[in-house]
Amino acid sequence: MPLTGKVAIVDLTKGEITKISIPEKLRRLYLGGRGLQAYLIYNHLKPGADPLSPDNVLVVSAGVLTGAMAPAAARTQWGGKSPITGAIASSNMGGYFGPELKFAGFEHLVIKGASKKPVYLWVNDGEIEIRDASHLWGKDTFETQQMIREEYGDEDIKIACIGIAGENLVKLANFRTGPKDAAGRTGTGCIAGSKKLKAIAVRGRLGLRPAHPQRALEYSKEAFDKIMMTKVAKAMGVDGTSFIWNVTNSSGLLEWMNGQTNRFPFGDWHDMTIERFHEEYSLGVAACFNCSVHCRHQFRLKEGPRAGEFGEGPEYNTQTAFGTFGLNNWEDMLQGWHLANVYGIDTTGWCNAVRGVMELYQRGIIDKKVTGGLDLSWSNAKEITPKLMELTAKNEGIGAIIGQGPLGIISEFSKYSDKVGYYIQHCKGLGKLGNVDRVQPSFSLGIATSTRGADHLRSRPALDHYNLPEDVLEKLYGGKVSGDYTSYEGKARMVRWHELTYAVVDCVGTCKFQTVFFSPHLPAYEEWSKYLLYNTGLEFTTEELFEIGERVYTLEKMINYREAGHARKDDYPPERSFKEGHKYGLEPVKGRHLDRKKYDKMLDEYYELHGWDNNGVPAPETLKKLELAKEPSHIV
Amino acid sequence: MQKVITVDYEKCTGCRLCETVCSLYNEGVINSELSRIKMIRWEWDGLQIPTLCQQCDVAACMAVCPKDAIYRDKELGCMKIDYRKCIGCKLCMHYCPFGAISYNFEKKRVMKCELCGGDPMCVKFCETKALQYVDVSVAALPKKRDLAEKVLMEVSASEAP
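Note that the protein sequences, when read in sequence, are chains R and A. For the first sequence, the working numbering assigns the number 1 to the initial residue and increments by one for each residue that follows. For the second sequence, the working numbering assigns the number 1 to the initial residue and increments by one for each residue that follows.
Calculated directly from the structure, the hints in this document are not laboratory data. The structure presented is a predicted model; accordingly, all values stated were derived computationally and were not measured. A virtual CB, placed ideally from N, CA and C, is assigned to each residue, including glycine. Be aware that one or more of the hints could be misleading.
To be verified - Counterexamples of contact, computed for chain A against chain R with all Cβ distances above 10 Å:
1) Cys56
2) Asp73
3) Ile81
As the list claims (entries may be wrong) - Here are the simulated lysine-lysine pairs, BS3-like style, with alpha carbons at most 30 Å apart:
4) Lys144/A with Lys234/R
5) Lys6/R with Lys144/A
6) Lys129/A with Lys234/R
7) Lys221/R with Lys85/A
8) Lys221/R with Lys38/A
Stated by the list, open to error - The calculated label-pair distances, taken between Cβ atoms and stated as ranges, are:
9) Lys74/A with Lys19/R: 46 to 52 Å
10) Glu10/A with Lys19/R: 39 to 45 Å
11) Val138/A with Met229/R: 26 to 32 Å
12) Glu279/R with Lys67/A: 57 to 63 Å
13) Tyr95/A with Lys302/R: 41 to 47 Å
14) Leu283/R with Ser158/A: 28 to 34 Å
15) Gly117/A with Asn467/R: 47 to 53 Å
16) Gly117/A with Thr541/R: 33 to 39 Å
17) Lys302/R with Ile87/A: 53 to 59 Å
18) Glu279/R with Ala140/A: 29 to 35 Å
19) Gly117/A with Lys46/R: 54 to 60 Å
All chains should be modelled from the sequences, with the hints used to inform the complete structure.
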């Protein structure tokens with residue numbers, strides 16, 4: 001049954017494992033997944049800890065419904081204190097790892113301390129062992145998974161692991177599972193490397209017992225049918241997230257060359273479209289656990305030293321990440337993507353860092369003496385990508401600077417120019433994606449206020465682009481919201497609503513792509529209430545779930561305030577978004593950039609809605625209302 | 001006429017919903033080990049194939065059962081287990097050429113696909129229609145059509161100027 005999933009406290013220093021049941025009180029306050037994880041981080045992380053010290057924690061959390069009878073109940077949330085930002089580490093991945101963790105009897109693993117020698121965790125039917133990983137150290141993320149399966153002779157073992165980037169304490173290192181999925185952002189792999197934790201292997205035959213099996217089956221069938229009726233589910237099933245790339249590209253909503261232009265500057269963009277991928281690379285699409293949408297592209301590389309190797313999952317974000325610094329065709333993008341995956345490096349963060357450094361090179365702020373002889377011109381992207389990726393994974397040369405992410409790059413290179421900070425595009429130290437958000441106040445606000453640093457997955461208010469009538473928006477958001485995506489009016493309300501909603505879905509453990517993230521016709525609170533009732537037997541009203549979202553988001557804000565002193569000053573988009581407009585694209589896009597005065601007013605409204613003070617710090621009465629005033633309460 | 005579950009491997013996305021709903025419907029638990037349909041996966045080649053009972057006409061499971069506990073359901077045409085007679089010797093499991101009979105370690109007895117009483121859950125939830133429940137007389141039609149299309153293409157290619 002989902003409610004019997006335990007919390008395991010794994011102390012790698014002492015070699016001790018403690019298993020604790022989750023009290024219903026915490027379940028009702030934090031639900032599970034990202035919510036309970038925020039609680040566990042706030043309670044188990046030693047305040048002010050160095051992210052690379054044994055005092056940091058790595059928390060692995062399945063959602064309350066991960067593995068249960070609900071559409072796309074596949075997600076696993078990873079967290080701790082980020083070595084990149086010094087604030088909360090938080091990253092969510094799909095695949096099959098989380099469900100297997102649940103089937104093995106666990107919902108959260110709180111990994112503390114540090115081992116002296118490489119280890120991996122063997123989680124098997126209610127038991128956890130800390131095992132020697134000397135033979136796995138130095139192996140890539142694909143080899144590691146294969147070796148563990150061979151060791152036990154069981155192909156159904158699910159493994160999450162780090163690559164050599166995590167071993168070498170590269171801050172941009174991630175934790176990965178299968179050929180595709182990654183807890184990519186905020187440096188989860190680096191935390192694991194500092195603890196000498198190579199992998200977590202799970203195998204579960206305990207299963208989950210829904211409270212109402214027949215109703216869970218019947219209601220899920222209804223939900224699947226409803227999901228598959230939407231246009232977006234059909235488009236995702238063919239093109240994956242790339243289904244929006246052509247539109248954003250032609251609208252001038254993609255940023256190239258680190259945000260210097262919004263028109264493709266690298267020749268012919270037709271070689272990067274999803275249509276071209278289908279023609280030349282697609283081997284079909286695969287799905288995550290319990291998912292009817294199946295958005296994972298499969299491919300084999302055709303050229304280069306790794307020609308013939310199989311990979312999964314290039315996304316919209318692969319096109320925008322690798323494309324924005326000059327890889328203008330699928331073979332080059334896929335090679336970059338694949339290398340990042342085998343080394344265990346976050347593609348979004350790495351590409352952000354590389355394009356920032358390339359602009360510094362373009363402007364003469366750094367030269368070949370600094371880059372170790374590498375020519376970092378945009379036109380040279382294809383040649384330098386494998387070398388830069390390798391240097392990053394090995395934490396050597398220019399790669400050792402790129403691998404630190406935005407704050408490391410700024411601190412290393414500011415001696416050459418005081419403009420470095422302007423060219424490195426980040427919020428709270430986490431690198432920004434290659435999207436134009438400066439024309440759209442809602443997107444900008446959400447990316448800047450995101451508790452994990454620059455990121456669209458915390459709040460992306462996609463509906464802002466749909467030209468919905470204002471009465472529809474008012475009904476959804478509970479207040480007046482402008483239907484014009486360039487307007488500031490009501491956008492604070494919109495962003496906050498999406499932040500809370502996505503926090504709830506990350507607690508539930510189903511896929512964000514099957515929510516209002518893509519379409520108002522996809523599941524929301526009412527559906528989640530039913531999934532929860534039929535699987536766990538617990539009743540949650542829409543209002544209660546919404547309040548859980550508020551609690552989780554505010555607690556993440558508290559973690560950031562405690563650990564990094566994050567406040568209002570850290571909730572702004574990069575300076576460039578206020579100063580430079582773009583030349584091309586749709587009429588409303590041309591020349592538009594953010595207005596600081598209006599942004600400030602929007603930020604004031606945003607804080608007020610959240611119940612945070614004017615400096616962006618949660619107010620005492622809000623903490624009281626959300627039952628956060630006594631945290632850390634150390635119940636678990 | 002008898003209906004059978006057909007598998008189109010190329011349409012399978014590996015989502016494992018078939019296993020989830022099979023074990024939930026038949027055993028009240030989500031556990032792929034207690035599912036009668038089993039996904040075999042080659043993760044590093046991107047291949048997955050669901051395997052299940054073929055409801056053989058000459059059924060090894062029935063032939064080998066020392067207690068005549070396996071019988072054919074007259075209405076559905078599938079092989080069923082009479083648990084009043086079954087002694088749990090597992091001979092059927094060992095002799096099934098497809099490994100389609102497995103052991104329920106919770107209930108301590110063998111189990112196999114019995115078509116969910118005529119509305120197989122795996123088929124019902126299979127969004128890509130990789131699994132279909134069709135009349136045995138037309139089960140092979142899609143393959144015949146594939147072959148015919150290939151022939152047609154070769155013919156038209158050879159006739160091209």
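Hints versus structure:
No Cβ of chain R comes within 10 Å of the Cβ of Cys56/A; the nearest lies about 26 Å off, and the non-interface call holds. No Cβ of chain R comes within 10 Å of the Cβ of Asp73/A; the nearest lies about 22 Å off, and the non-interface call holds. The non-interface label for Ile81/A is consistent with chain R: the shortest C-beta to C-beta separation is roughly 21 Å, beyond 10 Å. Of the supplied pair hints, the one linking Lys144/A and Lys234/R holds, its CA atoms being roughly 28 Å apart against a limit of 30 Å.
Proposed proximity of Lys6/R and Lys144/A is contradicted: the alpha carbons are some 52 Å apart, above 30 Å. The suggested pairing of Lys129/A with Lys234/R holds, with an alpha-carbon distance near 14 Å, which does not exceed 30 Å. Proximity of Lys221/R to Lys85/A is assessed by CA-CA distance (about 35 Å); at most 30 Å being required, the pair is judged violated. Distance hint between Lys221/R and Lys38/A is fulfilled; the C-alpha atoms sit about 20 Å from each other, no more than 30 Å.
Hint check: Lys74/A to Lys19/R, Cβ distance near 50 Å, so the stated range 46 to 52 Å holds. Taking 39 to 45 Å as the suggested C-beta distance range, the pair Glu10/A and Lys19/R conforms, at roughly 43 Å. Here the CB-CB span from Val138/A to Met229/R is close to 28 Å, well matched to the stated 26 to 32 Å. Our hint of 57 to 63 Å for Glu279/R and Lys67/A holds, since their Cβ atoms are close to 58 Å apart.
Between Tyr95/A and Lys302/R the Cβ separation comes to about 45 Å, which falls inside the hinted range of 41 to 47 Å. Between Leu283/R and Ser158/A the C-beta distance comes to about 29 Å, which sits within the given range of 28 to 34 Å. The hinted window of 47 to 53 Å between Gly117/A and Asn467/R holds, with their beta carbons roughly 49 Å apart. Taking the beta carbon of each, Gly117/A and Thr541/R are about 36 Å apart, inside 33 to 39 Å as hinted.
A C-beta distance of roughly 57 Å is found between Lys302/R and Ile87/A, which places it inside the suggested range of 53 to 59 Å. Evaluation of the 29 to 35 Å hint for Glu279/R and Ala140/A yields a pass: the beta carbon distance comes to about 31 Å. A hinted range of 54 to 60 Å for the beta carbons of Gly117/A and Lys46/R is consistent with their spacing of about 57 Å.
When the structure is compared with the earlier hints, violations turn up for hints 5, 7 and for no others.
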